[in-house]
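Colleague: Given next are the chains, with one letter for each unit.
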Amino acid sequence: MANSATQAGLARQFWRGGSRLITSLLSLLVTLLGLLAFTFMLSHQSPVDPVLQVAGDRASESTYQQVRHDLGLDQPLPVQFWRYLEHLARGDLGMSHITAQPVTSDLARAFPATLELATCAMIFGAVFGITLALLAAWKPGGLLDNLARLISLLGYSVPVFWLGLLGLLLFYAVLHWSAGPGRLDDIWIYTLEPKTGLVLVDSWLSGDREMFRNAIAHLWLPVAVLGMLSMAAITRLLRAALLEENGKEYVTLARAKGASRTRILLCHIFPNVRGTLITVLGLSYATLLEGSVLTETVFAWPGVGRYLTTALFASDVPAILGSTLLIGGCFVLLNALVDALTWLTDPRTR
Amino acid sequence: MKPFAYAVLTLALSASFAANAATPPDTLVIAQSIDDASSFDPAEGFELTSVQVFTNLYQRLVQSDPQNPNELKPTLASSWEAGKDNRSLTVTLRDGATFASGNPARPEDVIFSLSRVVKLNLDPSFILTQLGWTKENVESQLKKIDANHVQISWQANVSPAYVLSLLAAPVASILDAKTVLANQQNNDLGNKWLATHSAGSGPFQIRRYVPHEVVLLTANPRSPGDAPKLKNILIKNVPEAATRRLLLEQGDTDIARNLGVDQISALKGKPGVKPLAIPMASLYYIQFNIEAQPALKNPALWQAARYLFDYHGIADDLLKGQFQVHQSFLPAGFPGALNETPYQYDPEKAKAILAKAGLKDVSFKLAVSNQPPYLDIAQALQASFAKGGIKVELIPGLSTEVATNVKAHKYEATLNAWGADYFDPNTNASAFAWNPEDGSKTLAWRSNWHIPELSKQTLAATAESDPAKRIALYQAMQRDVMKNSPYVIGLQARNLIAVRDNLKGYVQGINPDMVYYSQVSK
Chain P
286 MANSATQAGL ARQFWRGGSR LITSLLSLLV TLLGLLAFTF MLSHQSPVDP
336 VLQVAGDRAS ESTYQQVRHD LGLDQPLPVQ FWRYLEHLAR GDLGMSHITA
386 QPVTSDLARA FPATLELATC AMIFGAVFGI TLALLAAWKP GGLLDNLARL
436 ISLLGYSVPV FWLGLLGLLL FYAVLHWSAG PGRLDDIWIY TLEPKTGLVL
486 VDSWLSGDRE MFRNAIAHLW LPVAVLGMLS MAAITRLLRA ALLEENGKEY
536 VTLARAKGAS RTRILLCHIF PNVRGTLITV LGLSYATLLE GSVLTETVFA
586 WPGVGRYLTT ALFASDVPAI LGSTLLIGGC FVLLNALVDA LTWLTDPRTR
Chain Z
9 MKPFAYAVLT LALSASFAAN AATPPDTLVI AQSIDDASSF DPAEGFELTS
59 VQVFTNLYQR LVQSDPQNPN ELKPTLASSW EAGKDNRSLT VTLRDGATFA
109 SGNPARPEDV IFSLSRVVKL NLDPSFILTQ LGWTKENVES QLKKIDANHV
159 QISWQANVSP AYVLSLLAAP VASILDAKTV LANQQNNDLG NKWLATHSAG
209 SGPFQIRRYV PHEVVLLTAN PRSPGDAPKL KNILIKNVPE AATRRLLLEQ
259 GDTDIARNLG VDQISALKGK PGVKPLAIPM ASLYYIQFNI EAQPALKNPA
309 LWQAARYLFD YHGIADDLLK GQFQVHQSFL PAGFPGALNE TPYQYDPEKA
359 KAILAKAGLK DVSFKLAVSN QPPYLDIAQA LQASFAKGGI KVELIPGLST
409 EVATNVKAHK YEATLNAWGA DYFDPNTNAS AFAWNPEDGS KTLAWRSNWH
459 IPELSKQTLA ATAESDPAKR IALYQAMQRD VMKNSPYVIG LQARNLIAVR
509 DNLKGYVQGI NPDMVYYSQV SK
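The listed protein sequences correspond, in order, to chains P and Z. Whatever position you read off the first sequence (first residue = 1), add 285 for the numbering used here. Whatever position you read off the second sequence (first residue = 1), add 8 for the numbering used here.
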């Protein structure tokens, strides 16, 4: 009897889990499809003539018409979209008009650059952001709290473009602490074998430690600049969450029992804001993965942000759709990951 | 604290490595934006980045002499002779010339290279189709005579001298047909492969091209002519001008292209760098769409506008060093260019002209790219036109958006730039002074300006064989357009670049393709 009840329970749980998975997959698909349709429509509303972008200002009428036909722009919009979906189903994102390369190979090159920068910036932001928030919440209104607030305010309000240029001026041009813009010095460009597209990993795998060090020398400054942004967000939100918990009864109880301030903060309050922490980290990471156009521009970093912006300016629809799909996919997946982590760590959400 | 100390140590170590960075001695490193490049196929590439590279990858039958662009220099051809009817050229190929692959340059390569431009019908093909070449007839116009002679014929009424200047354009680059055909896909005449590879006889060849990242060229020791002095040319994408300046100051690049006025002034007097302002064949002008409103059709308005363009205020103060005043449709440095500047900024005179014509409360919308220097110039024009009683409303947009609207006649006036496509006066005459009413969207067409007489003169000038007479024709046309046309040509741009001062032998000419890397050393 008991055995069959457990079995039925298990089956129910399995069924619930399965249907949950299917629902999330379906919603993921619908979200991405909606995103695609919307972007597709918007791209065609743009006041820029994509044919002109490809054929140029000077081309003859016959060249113009030929390019228009080659791009499939002489077809009605729904037909164009359907064709795009057909190709997509085969894993073909089309050809970019500007680079004249398949969008998949363009993205396969640009995304690792962004991934590397974003992940390192995320780690930077998380480590310093959490530390600052804890220091601030340790004694609200104290010196450390004000300092943390100042730093996070700066990170929020200083334009990243300006911060990047200033950082280059100071750390690259004056102090020579950074190796400057780009991902590697020119001499390595000949020798680096791109395996993963992540320069840190590739240079490590090449066994050339000097190249690896050079990669770090190039990477740390854009990481710090970009990390400042997510650090600011993490500090502010986490500090607020920590302070909110601070007023709750279990904290008063712990205090009455004589627990030290540090102990209360680290062992009682901090674990209770893990939900907020996971959400904030997930969102920050997703934002960073979109690629930061300005940071990538200043540091000559060939990432997704710049790729998408160049495509937008040129009305390069396949490149726009491909990048949107990639970024959208990252967002949706990270959201799902945040949900799953919250579900795992917080029994109340089950 | 330990991890922190370790991190600082690592940084310091990498910093010590970064401190002594200099460009490799056998490589010329260039920082510029390469985001515009779409293809390195001479039949397709028509963007600044690709055109600047073509002269270094490919040779044409004839080419402008780098030191004296007005002179055509035999390059892959050793000599040529015009046919008796002035409708053909017989070209002798240079003895023993080979491509980077080692294949010899043959008449077949000339025929293949020129005919594929017409057959592919891409962006720059209009330069060669002017000769009356079509997909159907082009093969019959190009004939192999013997192992090193080829005959080039045409149907259009143009002089052999004019044809030679078209054959000197990058689109007429001679390709290694055997290599290209070995790499063609779906009968595309190698178009896809050539987008990222090269198959020419120029001093360099493409070793690696990563879009939006880097173009790496390596020396072609087989190139007929002077062997290149450096082993590699590395063109890296640095989209931000301020970053390019920093790289140059640090010695991490040898040439920084397309700098702004502020970057150049910051570089002045800095040790180790040499700022350069190279005149370009790029004219900045206002153009009216004369059908957009009645006032814009009135020649008095065009005349008044010539006195409301603050030429020297922009060239000498606002964008000092980036422009020179120029008022005719052929840029200074071009054969036949008229360098007189009869118009000065004079709001009172403009007011008088408007009053005499009974034009009151004139206002128009000026479509302009939102990029520098367009918007800066447009704002200056807005102020100077206001002094003459003309209200200018600025409509800033993406440059492609402005181009789209102008080509659809959806604008009142626009501030734009026009660059030369090949080194012959006709490149600009056929834009400013030609409206054949056959669907060609020339600048005159974009203005709705109907000019049968000027159009006839433009055609006649391409048929004229006597160079002196030809120049006289272009000068007369420039005077006509300067005095009475819906354009106000005001400025000629200079290309602001900066180089390291140990660089020797770098030559850059007035046209975008006149960028010569082969004699550079350091």
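FYI, nobody ran anything at the bench for these hints, they're computed from the structure. Here a beta-carbon is modelled for each residue, glycine too, at the ideal position from N, C-alpha and C. Do not take every clue at face value.
Stated by the list, open to error - Where chain P lies over chain Z, by a calculated footprint (3+ residues, C-beta under 8 Å): (1) 32-38; (2) 124-134; (3) 243-253; (4) 282-292; (5) 437-451.
Stated by the list, open to error - Listed below are several chain P residues computed to face chain Z (Cβ distance under 8 Å; list not exhaustive): (6) A296; (7) H329; (8) Q330; (9) D334; (10) L337; (11) G341; (12) I383; (13) L454; (14) Y457; (15) A458; (16) T595; (17) A599.
What the hints assert, rightly or not - For lysine to aspartate or glutamate, the following EDC-like pairs were computed, each having C-alpha atoms within a straight-line distance of at most 20 Å: (18) Z:K239 with P:E346; (19) Z:K200 with P:D355; (20) Z:K415 with P:D342; (21) Z:K364 with Z:E348; (22) Z:K143 with P:D355; (23) Z:K415 with P:D377; (24) Z:K276 with Z:D509; (25) Z:K530 with P:D334; (26) Z:K143 with P:D471; (27) Z:K418 with P:D334; (28) Z:K127 with P:E346; (29) Z:K418 with P:E495; (30) Z:K449 with P:E575; (31) Z:K127 with Z:E147; (32) Z:K152 with Z:E116; (33) Z:K200 with P:D334; (34) Z:K415 with P:D471.
Colleague: Just pull the numbers of the violated hints for me, sorted ascending.
Modeller: When the structure is compared with the hints, numbers 4, 6, 7, 8, 18, 21, 23, 25, 26, 29, 30, 33, 34 turn out to be violated.
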